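K.L.:
Below are the chains, spelled out letter by letter.
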Amino acid sequence: MTEPDVPSAYVRDKRTPPPSREELRARIPGWGADLDPADRPSYPKLQYPADTGARWDFPERQPGSEGREHSIEHAFVTPVFGTAQPLRGLSGAIRRFAYARFSEGRLAHWLLLIAGDRVDAWEHHLRSFATLRPDVPATGLRTEFTRGGLRSRRGRSDARHQLLDPVVVVGPWLAGAGAAVLGVRRVVRAVRG
Amino acid sequence: MRAMVYRGPYKVRVEDKDVPAIEHPNDAIVRVTLAAICGSDLHLYHGLMPDTRIGHTFGHEFIGVVEQVGPSVQNLAVGDRVMVPFNVFCGSCWFCARGLYSNCHNVNPNATAVGGIYGYSHTTGGYDGGQSQFVRVPFADVGPVRIPEWMHDEDAVVMTDAAATGYFGAQLGEIAEGDTVVVLGAGPVGLVAAQSAWLMGAGRVIVVDHLRERLEKARTMAHAETLDYDEVDDVVVELKKQTDHLGADVVIEAAGAEADGNFLQHVTGTKLKLQGGSPVALNWAIDGVRKGGTVSVVGAYGPIPNAVKFGDALNKGLTLRMNQTPVKRQWPRMFEHVRNGHLTPREVVTHRFPLEEIAEAYHVFSSKLDGCIKPVIVPDAA
Chain W
1 MTEPDVPSAY
11 VRDKRTPPPS
21 REELRARIPG
31 WGADLDPADR
41 PSYPKLQYPA
51 DTGARWDFPE
61 RQPGSEGREH
71 SIEHAFVTPV
81 FGTAQPLRGL
91 SGAIRRFAYA
101 RFSEGRLAHW
111 LLLIAGDRVD
121 AWEHHLRSFA
131 TLRPDVPATG
141 LRTEFTRGGL
151 RSRRGRSDAR
161 HQLLDPVVVV
171 GPWLAGAGAA
181 VLGVRRVVRA
191 VRG
Chain V
1 MRAMVYRGPY
11 KVRVEDKDVP
21 AIEHPNDAIV
31 RVTLAAICGS
41 DLHLYHGLMP
51 DTRIGHTFGH
61 EFIGVVEQVG
71 PSVQNLAVGD
81 RVMVPFNVFC
91 GSCWFCARGL
101 YSNCHNVNPN
111 ATAVGGIYGY
121 SHTTGGYDGG
131 QSQFVRVPFA
141 DVGPVRIPEW
151 MHDEDAVVMT
161 DAAATGYFGA
171 QLGEIAEGDT
181 VVVLGAGPVG
191 LVAAQSAWLM
201 GAGRVIVVDH
211 LRERLEKART
221 MAHAETLDYD
231 EVDDVVVELK
241 KQTDHLGADV
251 VIEAAGAEAD
261 GNFLQHVTGT
271 KLKLQGGSPV
281 ALNWAIDGVR
291 KGGTVSVVGA
301 YGPIPNAVKF
311 GDALNKGLTL
321 RMNQTPVKRQ
331 WPRMFEHVRN
341 GHLTPREVVT
351 HRFPLEEIAE
361 AYHVFSSKLD
371 GCIKPVIVPD
381 AA
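If you read the sequences in order, they're chains W and V. Residue numbers are given in UniProt numbering: position 164 of the first sequence equals residue 164, and the series is strictly consecutive. Residue numbers are given in UniProt numbering: position 373 of the second sequence equals residue 373, and the series is strictly consecutive.
Think of the hints as simulated: they come from the structure by calculation, not from any bench. There's no promise every hint is true.
What the hints assert, rightly or not - Take a look, some chain V residues computed to stay more than 12 Å from chain W by CB distance:
hint: 1; residue: 65
hint: 2; residue: 79
hint: 3; residue: 133
hint: 4; residue: 149
hint: 5; residue: 154
hint: 6; residue: 309
hint: 7; residue: 311
hint: 8; residue: 318
To be verified - Coverage of chain V stretches by chain W, computed from C-beta distances (three or more under 8 Å per stretch; other residues unrestricted):
hint: 9; segment: 52–59
hint: 10; segment: 84–92
hint: 11; segment: 260–272
hint: 12; segment: 354–364
These numbers were taken from a predicted model, which means no experiment stands behind them. C-beta: ideal position from N, C-alpha, C; glycine also.
With the rest of the complex left out, here is chain W (with noise of 0.2 Å):
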């Protein structure tokens, strides 16, 4: 290898300059609208808005916050927050543990409510099976055959991945269908028995 075709990162300087102001801008929408660094939406990083539109020092209280679950990092529960699903049944008393025993460094946190996600999806899948509209294994398939589920995988390296998708959904449910015949099994023998 001659000096010339020595690679810029072994010497001072780029061997290739970038392309001129005139050139950017001719091919490039706005090219260095925003060249100023220091004229950002985003610099500095701390600044301190004219007016947020807030005209309080504290907010108000949202009514309603007694007995709802917050991260121990917290002081109390914050002045405004989601009223949406609150706590209920056994994931909510694993969330409600994780919550008021764990810290949001601790990963046993995170754990717990990854835990309780999964123990009030099949709260719901069970109690959905007692409805005209039971739970099913994943929802929206019928566009694998209206909007090209393999003309549009076809040469996609994720495609491989894509085909544990059916062992990673339909896995826990035919797991849970086994285990409901093996109870349901041994409660008929008990009886006869």
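Use these hints to put chain V onto chain W, whose structure you have.
P.N.:
Showing chain V alone in chain W's frame:
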């Protein structure tokens, strides 16, 4: 009202729910006219985000019409057409007072490590989202903005998160004139990040993905060079070759926790959930940027740890910058760029679904069927 509800991993449907009520004097109720599914909604859909409760309504990208306001609301009136930042924020806490709206401390009792987000699990506050006919909008005097007359609805809805995040991501990259900027991920965020990199003076922009229609969009919409990682053996080596062995001056990671590109990482992260998603793109960013360069992370990650190559970041002397986007801070300048045609957010929208077909929309978007880059949801289209 009709609303999307989560029924467990890979399962969503539309159900009847109560219309939300005013729960705080500064609340508004907004009738949603257009919503979008964000790539980060797929983390919820796939069961990756802790404390995602059954019955939750997703949706943090939406616009609509003010239907009702609480008694202390002064800046909005019934009938106003508004765009709502994905951040729920108070405007007055230590963080909001310093412009860090995405890190508000007064709206999310469930966590201190993330602010409030509409329709994004209880880990971000437990607010139902906008993939529904109506949504509760806290701090109506602080977050929402009236949509300018000239603005297209699809530009407005994409600016409530994805486009603002792309623009913010380019800023976090601290791009200097002439820099070579690599954008990992040619989804809506990455496409706008690539457009934005030019505005900040990039000399070269390379977008990396493997979906052909997205790479094509990167070439036409963002005037970028493209790299299909399926066509190279090692994307990091390829980036080094393309940058004369320096590495990129700036890498913008716009893929997030479900990145493809490494079978083992993807399967352990997003399928088996043995880590908090797949950090493939983040590791490519760390290894693909030059020593002393800057990595901007705007791809979404959750609170569970990932196998990130932090030692490489240390030894290369990198600057790592990241945050959830403080959306409203971006808007005044972005409005100028959109009006001037320098940013074209609505170009990312490829699919439009009525709310009643939201299960189909999620599956199409999740599996990247039919060339889907960005689906929007029309609540009253049925």
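K.L.:
For every hint, state whether the structure bears it out.
P.N.:
Status of each hint after checking the structure:
Against the 12 Å criterion, residue 65(V) stays outside the reach of chain W, whose nearest CB is about 19 Å from its own CB. For residue 79(V), the shortest C-beta to C-beta distance to chain W comes to about 19 Å, beyond the 12 Å cut-off, and the non-interface label holds. The claim that residue 133(V) lies off the interface holds: its Cβ sits roughly 15 Å from the closest Cβ of chain W, which is beyond the 12 Å cut-off. Even its closest Cβ contact with chain W, about 21 Å, leaves residue 149(V) beyond 12 Å, as expected for a residue assigned away from the interface.
The claim that residue 154(V) is not at the interface with chain W holds, since no C-beta of that chain comes within 12 Å of its own (minimum 19 Å). The non-interface label for residue 309(V) is consistent with chain W: the shortest C-beta to C-beta separation is roughly 20 Å, beyond 12 Å. Listed as outside the interface, residue 311(V) is consistent with that label: its C-beta sits roughly 20 Å from the nearest C-beta of chain W, beyond the 12 Å cut-off. With a cut of 12 Å on Cβ distances, residue 318(V) stays outside the contact zone with chain W, its closest approach being about 16 Å.
Figure legend: the segment 52–59 of chain V, annotated as covered by chain W; annotation consistent (6 residues with Cβ-Cβ distances under 8 Å, at least 3 required). Under the rule that three or more residues need a Cβ within less than 8 Å of chain W, the assignment of the segment 84–92 of chain V holds, with 4 such residues. Coverage of a stretch by a chain is defined here by at least three residues with a beta carbon nearer than 8 Å to that chain's beta carbons; for the segment 260–272 of chain V and chain W the count is 7, and the condition holds. Judged by the Cβ-Cβ criterion of 8 Å, the segment 354–364 of chain V is covered by chain W as claimed, because 6 of its residues qualify and three suffice.
In this structure, every one of the numbered hints holds.
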